[in-house]
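Undergrad: As a plain string of letters, each chain reads:
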Amino acid sequence: MIFGSGFFQSAPVQVALVVGSVVSVVSGVVGVFTVIRGQSFSGHGLADLGATGGSGAFLIGVSQFWGFVAIAGVAAATIELLGLRQPRGRDVATGVVLGAGLGLAALFLYLDTTVSHSTGAPITILFGSIFAIDSRLVPIIVGLSVASLAIVLLFYRMLLFSSLSSDMAAARGVPVRLVGIGYLVALALAVALSAMTIGAVLSTALLIGPAACALRLTRRPGWALALAALIGVLVTWISVVLAYNSYYWSPGGRAWPVSFFVVALIFSLYLLTQIPFANWRQRRSTQLVVGEIQSADG
Amino acid sequence: MKPVDPATDAADDLLRLEGISVWLSGRQVLRDVSFSLRAGEVTGLIGSNGTGKTTIFRVILGLQRVSAGRVWIAGEARTGHTPAIGYVPQTVALDPDMPLRARDVVGLGIDGPRIGIPLPSRRRRQAVNEMLESVDAIHFADDRVGRLSGGEQRRILIAHALISRPQLLLLDEPLISLDIRSEQEVVQLLSRIARQQRIAILISAHDMNPLLAAMDRIVYVAGGRAASGATNEVVQTEVLSKLYGRQVDVIRLRDRVLVVSGSEETSAADHEHAHETADPGLV
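These protein sequences, in sequence, are chains Z and W. So in the working numbering, spot 173 of the first sequence is number 561, and the numbers just go up one at a time. So in the working numbering, spot 152 of the second sequence is number 485, and the numbers just go up one at a time.
What the hints contain is simulated information worked out from the structure, not anything from laboratory work. Please note that the accuracy of each hint is not assured.
Unchecked claim - Interface residues of chain W toward chain Z, partial, derived using beta-carbon atoms under 10 Å:
1. D346
2. R349
3. S354
4. W356
5. L357
6. R360
7. G419
8. D476
Being a predicted model, the structure only gives us computed values, none of them experimental. Every residue gets a Cβ at the ideal spot worked out from N, C-alpha and C, and that includes glycine.
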């Protein structure tokens, strides 16, 4: 049995599939630029900081989604302001902001569990709860996803150009700093959105993983975006199905979290793309050359 | 009020630097640097590492603020960004997994600064192919740019710079880390482009040797100061001694020119920094 009874009829499943798909597309597309711009650490920092926003929002009785969005915005601005222009300066700034933010998260999560007596809060915030998304949030999630995607597509060529060389791009009149800030906004949104689906701690997986796989599989920029988005969506759908069904086959009859399946699938895919088999195209071209030499000899 | 070019005989000057001084974090890296570049000519920007060559490029590109002096482009003081300059920086760190084919990099030379996503266009594809052919790069056009050799990447970056039809092409140490054969290929390519397309090319190098056949003029930089002119006028004992502020000797050995520090201040470090140059025209 692939689909548990009433899979598509279940409202939480419907919300999970819609939100999961939209968020995966955004994460995949934004993630490609995160990887090629060497900003995986900034992405990871923003993701982890979601825990601070989420736990803070929970504390004041607002949906953790707003916490994710607010903190990602604040943190992105702080990293941009502190980070100067060198990649190393940016990494240091990310590290410092991340440390401070996680300290706050520790306090908020402690207060969440002690003051409001809700032990589920840390798990929801840190590891996600795609089946528990308030359906009223769906339009907002979709709207912000479209906004994030629009920024990346608007700056698509400039982002590629400045990823190639920011000096060359600047020499040709690309507003490198503005493009960088625009990208950081898109990244902050993507991270906040994926924190909603697989949790603050794991949202990097959806950001970096599909992008890293796609970069191994294609050498064309446009295809890399499409492939990363596709991988993200497929992984999310399979994970939702597996999690829904895990209720029936997991030991003790406890359904496993979606986030676990997402991360496990992405990691397996990444390992698959790392084995030499994935470079078959290059090997084929080497064989072709060898073949030509041999036939020339004969 | 718009400044007017005071020079009268500068009709062919595409770019002129006039008394440029630059301070970087409390240190003066350029002192009163002046020179000009002409259409159809290859100029070599020569000097050891750390003498200010890259800073000169950044000044020309408008990426570096100057504390004194002016940049004139086609007889007008530069205001803001200048689109007619192609630039190939010294280091372009290309990740092997970067999802860009060689042809994508050249294509970014056409529309990289534009917003939105590129639409497939036959004209664009044809322009890219022609440019790839002219730098002899069509056979690796579909390879990942990060996996090409140093010489191949140079040619791609040159094609990227040229496809925007610049009047001025700046190349920062384009011969670094190239083997002798690729070195000569790149130099010949640039020399041909300068003459055929009537553009001014400025090439920086710490070693003059491979450039001499192609170089029309030289800008010799030492200690933040520069001397410019015809190669055999500048590469002279008196001129370079004055530039370095101490005795250096220009020694001509068959078709080579060695610039070594004078006998009084000879030290191991000076020898290490000695430039070996050769000028067939001087023999």
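Undergrad: Against the structure shown, which of the earlier numbered hints fail to hold, in ascending order?
TA: 1, 2, 3, 4, 5, 6
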